[in-house]
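Asks: Sequence:
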Amino acid sequence: MLARLLAKIQAPEGDDGPQPSVELAAAVLLFEVAWADHRISDVELATVRRTLVQEFGIDETTVDALLAESRTQQQDSVGVHRFTRALVEAWTPEQRFQLVVQLWRLAFCDAGLDKYEDATIRKIAELLYVRHSDFIAAKRLAADRPVATPSPASPSGP
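In this text, residue positions in the sequence shown follow my numbering: the first is 3, and each later residue adds one.
Think of the hints as simulated: they come from the structure by calculation, not from any bench. Careful, some of the hints might be misleading.
Restraint ranges, calculated between C-beta atoms of paired labels, are given here [said to hold, decoys possible]:
1) A67 with K117: 29 to 35 Å
2) R133 with T63: 20 to 26 Å
3) E91 with L115: 26 to 32 Å
4) A145 with K125: 16 to 22 Å
5) A67 with R142: 33 to 39 Å
Each residue gets a CB set at the ideal place from its N, CA and C atoms; glycine is no exception.
Using the sequences provided together with the hints, build the complete structure.
Replies: Now the structure itself:
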């Protein structure tokens, strides 16, 4: 791992490898928020999965592969710039705002908002060029309508 980090640091500027797909970039950012408190709960993982399926129309097989790849990318990455840059280049301001709403919903889905989740979402929103007033609006929107999480005793799915 240290060798990969040193290679990343010593790589020529702008040599981040291939541009990630928007689905992969969004999934990595979701995992970045989920991992902000250094644990990913089952509820958070289910929320990431549901967000990817609903927002991108991804089937279950594809979402499993995307989850595995995005988790690897998130763990191996030394920052989120590469992923936010891909979204800034590909998405409208409204699409980036909607992702910030989803990041807030993820942060609110478990035992409550953690200060590290808050700071991570703030950093991502700034890198996505989401205005501060929209950042606050996204937080309020997510708090008013959080993700519905299934109780452990209830079966998953309809």
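Asks: Among all the numbered hints in the text so far, which are the ones the structure does not match?
Replies: 2
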